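Engineer: Listed here are the chains, written in short residue letters.
Number of protein chains: 2
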Amino acid sequence: MPTKVNRQWCLASRPVGLIEPSNFTWNEVPIPTPGDGELLIRNIYLSLDPASWGWMQKWISYVPALAIGDVMHGITLGVVEQSRHAKFHPGDLVYGMLGWQEFAVTNGKGLMKLPKRTSIPLPAYVSVFGLTGLTAYFGLLDIGKPKVGETLVVSAAAGAVGSIVGQIGKVKGCHVVGTAGTDEKCQWLTEELGFDAAINYKTESLHDSLSTHCPNGIDIYFENVGGALFETVLTLINLRARIVLCGLISQYKANGLGPSLASIIVNRARIEGFIASDYFHRAEEAIIDLQKWITEGHIQYKVDIIEGLENAHTAIGKLFDGSNKGKLMVKVSEEPL
Amino acid sequence: MPTKVNRQWCLASRPVGLIEPSNFTWNEVPIPTPGDGELLIRNIYLSLDPASWGWMQKWISYVPALAIGDVMHGITLGVVEQSRHAKFHPGDLVYGMLGWQEFAVTNGKGLMKLPKRTSIPLPAYVSVFGLTGLTAYFGLLDIGKPKVGETLVVSAAAGAVGSIVGQIGKVKGCHVVGTAGTDEKCQWLTEELGFDAAINYKTESLHDSLSTHCPNGIDIYFENVGGALFETVLTLINLRARIVLCGLISQYKANGLGPSLASIIVNRARIEGFIASDYFHRAEEAIIDLQKWITEGHIQYKVDIIEGLENAHTAIGKLFDGSNKGKLMVKVSEEPL
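If you're matching them up, the sequences are chains F and P in order.
216 is the number of the first residue of the first sequence in the working numbering; add one for each residue after it.
216 is the number of the first residue of the second sequence in the working numbering; add one for each residue after it.
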């Protein structure tokens, strides 16, 4: 039963390594009153997500950064208790970023209204139909772009997101391999969720097991973990593999994730390898543009020509010690007259 | 003048760190004779490229892996001396992967024929109109997708590829910042090539200088180097930044690049961060599919419900120690009747 006060967890300090209980401070304040255009929500379920770690950092940018003392960010499912907002009515079930607290007043921005109660239990909306399910669904389908017969590897596969990712992978006809930290979890993945294989990363050799269970290489990697697994997967990816960088939970344990790879997630950035020879069939368009830009004075280029094939084996060292200036090449023989 | 023998550099051993002269062995063999459908080429310019390091490795996949004793891979510009191939004639200038040798016989596959001689000096075809220019052009334009007013950072900017990348960036209206290893190179970038700024990574603080010269953050990073610069750039990228992973030359110096990030290049793989909330406006399509898949038995989900908001601050630790099973959430208050 709800209390007469609004009970809250507020940010006491920012985690450096793992999130600790001491990062939070308990607070009791009066239940707020909605103003015009606002509504009062009683939270029912508070979702706890790995993203919380980022939400507690100063540098986070896709949610408002928290100051020390602010109510901790969290996604909740709640019920409207009072409304002075045209679109919401008491009894409506809503889903949104309403924080680690029992009651919240909001203007309704960013709030999702749930469908009228069906047979679906409410926790499903905080799980498979909430952030968890959407993360799995769009991460795999939009970023991973699975195709029938491809091999999908999912890290933290027994986790909330990973378990949905793997199952969607099976729906899409992939060969699905998950990693988890106990034999019991691995068994659940293969025997109940239909994963083709599961690897206990604590007891098995990652490289050997991944090689065995991914005989055709890895086409899609859904990354929740980071660290050694990521490195190992990279040695086994196929041409034009897609790596969905969703989380890096193992990295939070050390001395903080640091903003480096986290920045890739937060900024929805993309890292993409490429090989120029893939574009040779389109060389003409490049050469036409380059020639135009050179003629117009926009582009200069330098060449660094080493005389004699017999010097090639020492000349190549200049590429790596920073001593060459311009495109390094060896003159092997004379130009035609 | 060409000799009567075919002089070659062959692979003696694979580099572990930097390429060393001892990785090559000199070889003299008879000049080969073209068979039916083949042609004999005399190489004029041999391009030396950082990619050579990868071409010497066993695990390379986008060019035929070399065995010890094979003629070293290299791109050359040459002239056709004899032809028994319908499409090529003596005197034709050609460009292709003809190796570190004076003469090569080939069936013409993958060989590009150059336009009839113009005023353009031949080395340009091994430079700005060769692999170097194509790498810069397609890497920046197709992967980097520069837009007017965006900030482009180029590493190894005084290098053959980097200097073209930066100048194309200027053509496209970007604010262009390059890094290089000497003040002289930096001066060349800003005073002659029109870069907006250049940073001497050996004498300046990378973070301070990049922050100063990229006041609006970094939208595109053209990566030739790897290592500390990459890490620093990641702390300054903007939303939906594009990182063109072209080379990782600094990594070759340590104990070999290892197949990890090199694998991203070799496989033209993509790493992309994402945030599920970007897709909330498309939540309905996900929920419809997920619901269908649950009904059909393809997808199961688990929830791990912690009772009481007062336990949230300890419960969240379960996300990081692997002890929770299913979507972790806190039950804050009672469901409506």
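These are calculated hints, taken from the structure and not from any lab test.
It is possible that some hints are incorrect.
It does not matter which identical chain is used: a pair holds within one copy or between any two.
[Stated by the list, open to error] With a straight-line Cα cutoff of 30 angstroms, these simulated DSS-like cross-link-like pairs (lysine-lysine) come out: (1) K417 x K328; (2) K219 x K546; (3) K533 x K546; (4) K302 x K546; (5) K273 x K331; (6) K507 x K219; (7) K546 x K273; (8) K385 x K273; (9) K302 x K360; (10) K546 x K387; (11) K219 x K385; (12) K540 x K362; (13) K387 x K273; (14) K540 x K360; (15) K328 x K517; (16) K219 x K360.
Being a predicted model, the structure only gives us computed values, none of them experimental.
Engineer: It remains to establish, for every hint, whether it holds in the given structure.
Structural biologist: Structure-based check of each hint:
no.	hint	verdict
1	K417 x K328	neither (42 angstroms within a copy, 55 angstroms between copies)
2	K219 x K546	between (86 angstroms within a copy, 17 angstroms between copies)
3	K533 x K546	within (15 angstroms within a copy, 64 angstroms between copies)
4	K302 x K546	between (76 angstroms within a copy, 26 angstroms between copies)
5	K273 x K331	neither (38 angstroms within a copy, 61 angstroms between copies)
6	K507 x K219	neither (74 angstroms within a copy, 41 angstroms between copies)
7	K546 x K273	between (55 angstroms within a copy, 28 angstroms between copies)
8	K385 x K273	neither (39 angstroms within a copy, 34 angstroms between copies)
9	K302 x K360	neither (36 angstroms within a copy, 41 angstroms between copies)
10	K546 x K387	neither (54 angstroms within a copy, 34 angstroms between copies)
11	K219 x K385	neither (48 angstroms within a copy, 63 angstroms between copies)
12	K540 x K362	between (45 angstroms within a copy, 29 angstroms between copies)
13	K387 x K273	neither (39 angstroms within a copy, 34 angstroms between copies)
14	K540 x K360	between (42 angstroms within a copy, 27 angstroms between copies)
15	K328 x K517	between (62 angstroms within a copy, 23 angstroms between copies)
16	K219 x K360	neither (49 angstroms within a copy, 56 angstroms between copies)
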